[in-house]
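S.K.: The residues making up each chain are set out below.
2 protein chains.
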Amino acid sequence: MDDPVLLTGAGGRVGEAILQGLGEQYDWRLMYHNPPDEEPDHEYLVGDVIDEAVVREAVDGVGAIIHLAGDPRPSAPWKSVLSNNIDGTQKMYEAAVEAGVERFVYASSNHAVGAFETDERTPEMYRADDDYRLDGTELPRPGNLYGVSKATGEVLGRYYHDEHGITVCNVRIGNLTEDHPPIDYERGQAMWLSYPDCAHLHERTLEADYEYEIVYGISDNDRKYYSLERAKEALGYEPQDNSAEWDGDEHVADYERTV
Amino acid sequence: MDDPVLLTGAGGRVGEAILQGLGEQYDWRLMYHNPPDEEPDHEYLVGDVIDEAVVREAVDGVGAIIHLAGDPRPSAPWKSVLSNNIDGTQKMYEAAVEAGVERFVYASSNHAVGAFETDERTPEMYRADDDYRLDGTELPRPGNLYGVSKATGEVLGRYYHDEHGITVCNVRIGNLTEDHPPIDYERGQAMWLSYPDCAHLHERTLEADYEYEIVYGISDNDRKYYSLERAKEALGYEPQDNSAEWDGDEHVADYERTV
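Chains as they are written, first to last, in full-length UniProt numbering: chain A, 1 to 259; chain B, 1 to 259.
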C-alpha cells in the first residue's frame, strides 16, 4: 500500500496498537473524534463520521481505510450505535467508493457473535481442550445492540464490495490488551489479541490479495473458540502471541503448547 | 394464536394478501402509515414505526406481531431505510419485548440476498433445470441498501430472540403478485409468491412451534433458487401454487410438473 491510509477512531486502543506496530510503515492520515491530547506524529483531522463533508475530506486521496471509529461500548444504547456505528459506517463506505478507495478494513467485533456463548457452552468453550469453533461462515448472533451494529457494518461491507468492487475485510476483534492477557478471565484469555498481533493482522489486511473476508482477530491462544484458519489462509496472518504463555502478568518464557 | 395480532404496514400488498386469506381467522389490529382510503374491517391505528408512543400503543395486549412496515422500495435511499426499516424495526422489537409479546414475524426480503444473483449464475439460476439453492443458512448478500436494511432487521430478530426469548421468524419474501405470476420475467417467476401461499405461510408463522427461523417465502415454483425445505420443516408450509402452471396470465389447469 503506497497511497496514504486513513485510520478512523485513531484515538482508541485498536488505533494505538496499530500505530505502535505500523506507525513508520505507512503514510497515515488519522481521524479523531475529539482533538488528540498530544500532537500526533502523522497528518490528522478531527470530526464526526456522520458529517459527510468531513468524511469526504478524510477519504480524499487515500488508497485504503481502516475504519475503527464508532461507539465502542458493548452497552452503548441503540440511538448511539444506530448513528455512530451503522450510519457512520455507511457514510464512510459511500465516500470511499465515490473517491475510488481500493480497500476498506472494518473493525467488527466478537460482540457480533456474542450470543453463541450460551449457558450450555460456557465456560467449557473458553477452555483449551474444547474444540468448539466459530469460523466466520456462521450467521451473526449478537449479544447486544452494539453487536447488532457491528454485524450491520459487515453487511454494509458485503454490499459495497459486491456493488462497487472495493476490497473489504471485516475483522472480528477479540479482547485487545497491552502487555499481558486479561487475568482471571477465561473468556478474555480465549479471545486475547496482543498489541503486536493486532498490528501484524492489520498489516496483512492492507497487504494481502483478497476480495471480501470475515476473519477473527485473536492471538494464537491455546484457549480459543474462534478459528484462525481464514485469517491465516486468506491474509497470511502469523500470530506470535498466546495467552497461555502468561501466568497472570508474568510471561512464562519456556511455556510449551499443550494443545 | 388467540390474542390479537398486530399487522404493521397493513396498507401494503403483503398486508393485503394476508388479510384476504386470514382476515376472519385472527383478531387483527392493523397499523397504517397513512390513513386508509376505506374504513378497515378491523381495529386499526395510524402512525409511524419510529414514534415510540404510537408503537407502544400498537403492541399493547397483542400476542404476536407481523411487522411489514417500512420503506418497501428496493431503490430507497439510505436515509429512509436507516430510519423506517432499521430504526423502525428496532423500536418495534423493543416495544414488543417490553410488552411481553410472544411472537414476531418479520418481513425480510429476497433483496437481503440479491447479490447472490451474479452475472455468472444468471439467467441459469432462474431456470427449472438449475439446482442452485439458497436455504437461509448463508450469510446475507444484499444487492441494495434496502436489502442491507432487511438483513439488519433479521439480525435484530436474532438478538431479541436470544436476549429476550421472543419467538422470531424472518420471512424472505419473494415476488408477490395477485392473480398470476410475473409475465416474461424469469427471475420473478422463480421467486413468485401467490396471494394464497403468502397468507398460508403467514398463518404457519403464527401457529407453528419454533424458536428462531429464517425462511424463504415463495410458491412451489418449478423454477426456484430458494429452498422451501426450512419453511416446510419448521413451519409446516404447504404451498399450493407454481408459476409454471401459468402461460402468461392464463392458468394451465392440466399442467404437469416437469422437475
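Please keep in mind that the hints were generated in silico from the structure rather than gathered at the bench. The structure presented is a predicted model; accordingly, all values stated were derived computationally and were not measured. Each hint should be verified, as a subset may be incorrect.
[To be verified] Pairs of lysine to aspartate or glutamate, EDC-like flavour, derived with a Cα cap of 16 Å:
#1 K79/A <-> E94/B
#2 K79/A <-> D51/B
#3 K232/B <-> D249/B
[To be verified] Stretch by stretch, here's where chain A covers chain B in the computed footprint (C-beta under 8 Å, at least three residues):
#4 141 to 148
#5 155 to 167
[To be verified] If you anchor each label on the Cβ, the simulated ranges turn out as follows:
#6 E233/B <-> K232/A: 30 to 38 Å
#7 E124/A <-> E98/B: 50 to 58 Å
#8 E43/A <-> E229/B: 33 to 41 Å
#9 E233/B <-> E138/A: 14 to 22 Å
Note that CB positions come from ideal geometry on N, CA and C, so glycine has one too.
S.K.: Confirm or reject each hint.
M.R.: Outcome of the hint check:
1. K79/A <-> E94/B: With Cα atoms ~12 Å apart, K79/A and E94/B stay inside 16 Å; holds.
2. K79/A <-> D51/B: The hint holds at about 14 Å.
3. K232/B <-> D249/B: violated, 28 Å
4. 141 to 148: holds (count 7)
5. 155 to 167: holds (count 6)
6. E233/B <-> K232/A: 30 to 38 Å: At 36 Å between Cβs, range holds.
7. E124/A <-> E98/B: 50 to 58 Å: Once the Cβ atoms are compared, 33 Å apart, the range 50 to 58 Å for E98/B and E124/A is violated.
8. E43/A <-> E229/B: 33 to 41 Å: Since the Cβ atoms of E43/A and E229/B sit about 54 Å apart, the hinted range of 33 to 41 Å is violated.
9. E233/B <-> E138/A: 14 to 22 Å: Holds: the Cβ-Cβ distance is about 20 Å, inside 14 to 22 Å.
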